[in-house]
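Peer 1: So you can see what is in the structure, the chains are spelled out below.
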Amino acid sequence: MLSIFLASFYKYDPFKIMEAIYTLENYRRFFSDPYYIGVLSFTLQMGVGVAALTLALAYPVAYFVSRTKSRLKSVYLFMMLFPLLVGPLVRTYGWMIILGRKGVLNMFLSFFGAEPVELLFTPSAVALATIEVMLPYAVLPLMSSIENIDISIEEAAKSLGADRLRVFHRVLLPLTIPGIASASLLVFALTVSSVITPALLGGPSVMMIGQLVLYSTLWSFNWPFAAATTAILSAITLGTIAIYLRTIARATIAK
Amino acid sequence: MKLSDAVYKIYLAAIYIFIMGSPIIVFAISFNPTTSLSFPPEGFSPRWYEEFLKDRIFVDSFFRVSLSLAIITSIISVVLGLSSSFVMVRYDFHGKSLVESFLLSPMWMPAVLVGLGLLQFFVLLGIGGSFLALLIGHVLVATPYASRCIYASLHGFDRSLEEAALSLGADKIKALLLVTIPMIRPGLIAGMLFSFIRSFGEITMTLFITGPRTTTVQVAMFTYLQWESTPVIAAISTVQSLMVLGVALIIERAIGLREVLR
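Protein sequence lines correspond, in order, to chains A and B. Each number in the working numbering comes from the position in the first sequence (counting from 1) with 10 added on. Each number in the working numbering comes from the position in the second sequence (counting from 1) with 1156 added on.
Treat the hints with care, since some could be wrong.
Simulated crosslink set (DSS-like; lysine-lysine; CA at most 25 Å straight-line) [what the hints assert, rightly or not]:
no.: 1; chain 1: A; residue 1: K79; chain 2: A; residue 2: K168
no.: 2; chain 1: A; residue 1: K83; chain 2: B; residue 2: K1165
no.: 3; chain 1: A; residue 1: K79; chain 2: B; residue 2: K1158
The hints are simulated quantities; they were obtained by calculation from the structure and are not laboratory data.
Make the full structure from the sequences, and use the hints.
Peer 2: Now the structure itself:
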């Protein structure tokens, strides 16, 4: 890890890959080129957007799996977690098929007489697949936080005349803030550092910072620049973890 | 049933379709007799499974590299996980909570950071692109998950059983092998299996440290997909998914998936 940090200050040499001459050139190159600034801001937007949407989609599911009294509870949980284990490549491949020119979605559209649309290689394709990949990561922290709430609190609110929306707004939401915080920070950190999904579904036209690291390492062999880019990415994720740990600390004090 | 209940149920069903949809579609496409990726499949044929088994690159990367890598990784990870969990549960030392949170939260580390760091490290050592390099990387990524499984079972293990064995005349090694290890067996099995699937499915970090003779099947598929896309990938994906499904079911029965992923 330290070597990455050091290497990010090295000078790029087309023959030797790295030369131990310290320079800020790599960072200057990143922050002075509008293209890289664009990649960075797109990555951050993607992280925030995906985290927000994933949280909104995951919350009702987490609530359901935590509170259901069905015998199938463990099956519901298993179905939610299993895709996580299959690996990012296989899951992204599934989305390549769904969103492709002859894919399920276009077949569905043509059924209604619509023209086939090119869905692959758009930011929406990357966002959609990333949300699907992230959902289980968000469901787990939310579940632990919902299960911590005594169900009788909810029942008390209901018996006092609150409808479901009010119970959520007044009881569940304030009590699950630590879970919401950790879920959204985790999803954010994982999304900004994702590589496979944007590489396959976005291609060169939808560039995220993780892809940038991969391409500058494997294709252009500019390791110092890759290291600088990695350092910037790691600063973002480590910053997120720091915020996360502070929220947890605060939540424990509040208790 | 109230309207809001119905809406809620439809929503939940939609989310499950969203989550389970892509593996099911991959499964269906893998039996497609033609080259196209159209859905629904145009028929039923094992053609792409045969193509998979005829393709030298895919067979080699699946069986020779990925499978053996995952098996060796899982064995080493369990040994490392067992020893680190022992230290964590039994001893107190300075900075324990820091090491603990590092060992137990592997998801936060960006894979490109680990990948690029290891690449530089391996080139420095002169083992870049070798099987050993790949193995070190995979053990590094998989061990936290193994530790987590073992840690959970060791934490719940009643130490007085071990003490009873010791007082009845067993030496330390005998007590460990005959009492402790059998008691935490579910955790060991889950830890081993989890590191196995973690290693098998790992791609981002692997892309950095893989070499021409050590291409894992994930990397082979990724490279293939950059240029073309035929249902042969669906066939390999299905084999992989079914393998992972079997393993996941065993983990679920041993200690529960949630325990590992939390």
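Peer 1: Please go over all the hints and tell whether each is borne out by the structure.
Peer 2: Hints, verified against the model:
Between K79/A and K168/A the alpha-carbon distance is near 18 Å, which keeps this suggested pair within the 25 Å criterion. Between K83/A and K1165/B the alpha-carbon distance is near 15 Å, which keeps this suggested pair within the 25 Å criterion. This hinted pair checks out: K79/A and K1158/B have alpha carbons roughly 19 Å apart, not beyond 25 Å.
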